[in-house]
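Asker: Sequence:
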Amino acid sequence: MKMIRNKNEVVSVQALLILLIGLALIGSHYCLVGKRAREIHRGAA
Numbered sequence: 000m001k002m003i004r005n006k007n008e009v010v011s012v013q014a015l016l017i018l019l020i021g022l023a024l025i026g027s028h029y030c031l032v033g034k035r036a037r038e039i040h041r042g043a044a
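Residues in the sequence shown are numbered consecutively from 0, following numbering that gives the first Met the number 0.
Derived from the structure by calculation, the hints contain no laboratory data. Accuracy of the hints is not assured; some may be wrong.
To be verified - Pair ranges (Cβ atoms, derived):
(1) Arg35 <-> Glu8: 38 to 44 Å
(2) Ser11 <-> Arg41: 41 to 47 Å
(3) Arg41 <-> Leu19: 41 to 47 Å
(4) Arg41 <-> Gly21: 26 to 32 Å
(5) Val10 <-> Arg37: 36 to 42 Å
(6) Ile39 <-> Lys6: 27 to 33 Å
(7) His40 <-> Ser11: 39 to 45 Å
(8) Gly33 <-> Asn5: 39 to 45 Å
(9) Gly42 <-> Gln13: 40 to 46 Å
(10) Lys6 <-> His28: 28 to 34 Å
(11) Glu8 <-> Ala43: 49 to 55 Å
(12) Lys34 <-> Asn5: 40 to 46 Å
Heads up, the beta-carbon is just placed ideally off N, CA and C, and yes, glycines get one too.
Using the sequences and the hints, build the whole thing.
Answerer: This is the structure we're talking about:
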């Protein structure tokens, strides 16, 4: 019975983990894009 009662907690924890992983991926992606953009600017200048 405990498992059924804690199902919502497990789902919320999984949702939080997915959100955190998504944010980390987006953050690293933007960091890489920013680095590349800076390198291109340096090459042009």
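Asker: For every hint, state whether the structure bears it out.
Answerer: Hints, verified against the model:
1. Arg35 <-> Glu8: 38 to 44 Å: With Cβ atoms ~41 Å apart, the hint holds.
2. Ser11 <-> Arg41: 41 to 47 Å: Once the Cβ atoms are compared, 45 Å apart, the range 41 to 47 Å for Arg41 and Ser11 holds.
3. Arg41 <-> Leu19: 41 to 47 Å: violated, 33 Å
4. Arg41 <-> Gly21: 26 to 32 Å: holds, 31 Å
5. Val10 <-> Arg37: 36 to 42 Å: Holds - the Cβ-Cβ distance for Val10 and Arg37, about 41 Å, lies within 36 to 42 Å.
6. Ile39 <-> Lys6: 27 to 33 Å: violated, 49 Å
7. His40 <-> Ser11: 39 to 45 Å: About 43 Å separates the Cβ atoms of His40 and Ser11, which means 39 to 45 Å holds.
8. Gly33 <-> Asn5: 39 to 45 Å: Holds, since Gly33 and Asn5 (Cβ atoms, about 41 Å apart) stay within the stated range.
9. Gly42 <-> Gln13: 40 to 46 Å: With a Cβ separation near 43 Å, Gly42 and Gln13 satisfy 40 to 46 Å, so the hint holds.
10. Lys6 <-> His28: 28 to 34 Å: holds, 33 Å
11. Glu8 <-> Ala43: 49 to 55 Å: Between Glu8 and Ala43, where Cβ atoms are some 53 Å apart, the hint holds.
12. Lys34 <-> Asn5: 40 to 46 Å: holds, 43 Å
The structure fails hints 3, 6 (numbered hints given earlier, in ascending order).
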